[in-house]
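Spelled out from the first residue to the last, the chains are:
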Amino acid sequence: MILSVLSSPALVSGLMVARAKNPVHSVLFPILVFRDTSGLLLLLGLDFSAMIFPVVHIGAIAVSFLFVVMMFHIQIAEIHEEVLRYLPVSGIIGLIFWWEMFFILDNETIPLLPTQRNTTSLRYTVYAVKVRSWTNLETLGNLLYTYYSVWFLVPSLILLVAMIGAIVLTMHRTTHGAVKRQDVFQRNAISFRRTIMRRPTDPIMR
Amino acid sequence: EFLIISSAIPILAFIIFEVLASIRNGSEKLSSYELSIEPMSGACLQFRISYYMFALVFVVFDVETVFLYPWAMSFNVLGVPIFIKAFIFVSILIVGSVYAWKKRGLEWS
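Chains as they are written, first to last, in my numbering: chain Z, 1 to 206; chain G, 1 to 109.
Same shape as in the complex, but just chain G (with noise of 0.2 angstroms):
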């Protein structure tokens, strides 16, 4: 039973994908779209490496943020010395934080 509804819901996913958005491709429709004039140029701009800087930031972080969920629901019970390990936890973070800050990696030029 596992093994029939297991192949068939793939099988139905692509079925209605067929079904329903058949695309068919013009060589118009495949153009870039610039307000009914010829496309003047490639549709593709430099692209910025501060995007990439804030996505790998918040990775990290919000890794961090991870680890401090469980922390933060039995804080009460685990006393002084789990809070300072914590806080070395944060405070190495902060540490990348603040030399990414100082090497001007974050700036949105």
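The following block holds chain Z by itself, in its conformation from the complex (with noise of 0.2 angstroms):
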């Protein structure tokens, strides 16, 4: 019943994302997204991604997303007139996701859809887990730096690359010569009469 509980306004949210008129509740519907998707994963038994992923994906990704939309200053799109417009290729899209769900859903251990195979293997208990087993983070640390190191040291140089990246991008003409920036106290400290003077040519003066 958890499961139900968390999956539906996990959909349902990802729905809203598209049709929300004011684009500001398009960020925060994809951090109820996050957060059911978190609870899942606490019900599949991931502890350490279920508690990673409110850090990094709320925390950071959507605080990004957040930063766009006020950067843009998205308007309210009108986009209610123009849906239909786009509804073949997205119906396309949205089918072939919709069959590759299907195709990964097949797995019994995923009970989805009630069956009557489905109702009978949750209640298979391991106990060899309840003595003193691995906890989530301890197999990850095992296994990550161990067999998959190189899987480990590629995510920083991508992360080394965004990051110079971005920095290119924005400082990229005010860095080779001045950056054009001011102080403040200084610009309100300079007295105007010793700085502005009157043109010759201005026409109040006689």
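There may be inaccurate statements among the hints.
[Stated by the list, open to error] Ranges of calculated distance between the beta carbons of each label pair, as one might list FRET restraints:
#, chain 1, residue 1, chain 2, residue 2, range
1, G, 16, Z, 188, 49 to 57 angstroms
2, Z, 18, G, 88, 37 to 45 angstroms
3, Z, 191, G, 88, 52 to 60 angstroms
4, G, 18, Z, 70, 46 to 54 angstroms
5, G, 91, Z, 46, 38 to 46 angstroms
6, Z, 66, G, 11, 24 to 32 angstroms
7, Z, 133, G, 7, 33 to 41 angstroms
8, Z, 99, G, 8, 22 to 30 angstroms
9, G, 50, Z, 18, 30 to 38 angstroms
10, Z, 164, G, 12, 42 to 50 angstroms
None of these hints come from the bench; they were simulated from the model. In this text the structure is predicted, and so the values were computed from the model without any measurement. Cβ atoms here follow ideal geometry from the backbone N, Cα and C, with glycine treated the same way.
With the hints as a guide, bring both chains together as one complex.
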């Protein structure tokens, strides 16, 4: 039951992202989606991923999306008149995703649709786990840094490229000369009698 | 049973929203608040890029921290080579942050 409580708002919030009239709502609905997927990961027993989801996805990624929405003053879009224009291509892509989901959902250990088989598969308990088992975090640490250590070092390069790329793009023109900055207190302290003069061709001057 | 609950919950959410928070917009309500005088100008200030740079750098270092959490858990059993690899990982990202520092990307202008 908890699965249904968590999964249906995730799907509905995902739909509302595309349908919300206010663009800020379009950024707030993914926060709901992330929260629900974090709960779903908890149900699957992946405690580390479930705790990392709010930290990384909501705290960093959704905040970045929010900054983008605020940066570009995205106006309240009148999208509802034009929805039908996008329907053929988007319908095909949506159907492809739907079909792929049913491929994955053929797995018996994820009881999404109530059938005769799935109601009994939840009752099986593994007693060896209850003695002392490895936490998610420990197993990740054991595998990620030993067997998959290349996969661990490559994301550092990806993150480096991301940071340097963003800084190159934004600081491009203003770093080789002087960065055009001003000191506000110095600007306020300049007395105008010494720095501004009237030109002789000024129409007010006689 | 799953389908009944999963379809009832979003419908319930929308019904509660409509009942509790029905907003009626008027022309005076929609204009921005400016201490009982007429609003003088538009409410949008110019966006400063330093806001976005901080969010970006936070994302990068947050993901780096996420990679370091499992390493910290199994640090004692993994030994010296893994320590050196983690050191390389952190140093690559320190290179990135030094670049950001030198190019004055993080100044609060």
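Which of the listed hints are not met by the structure? Of the numbered hints given earlier, those the structure breaks are 4 and 5, listed in rising order.
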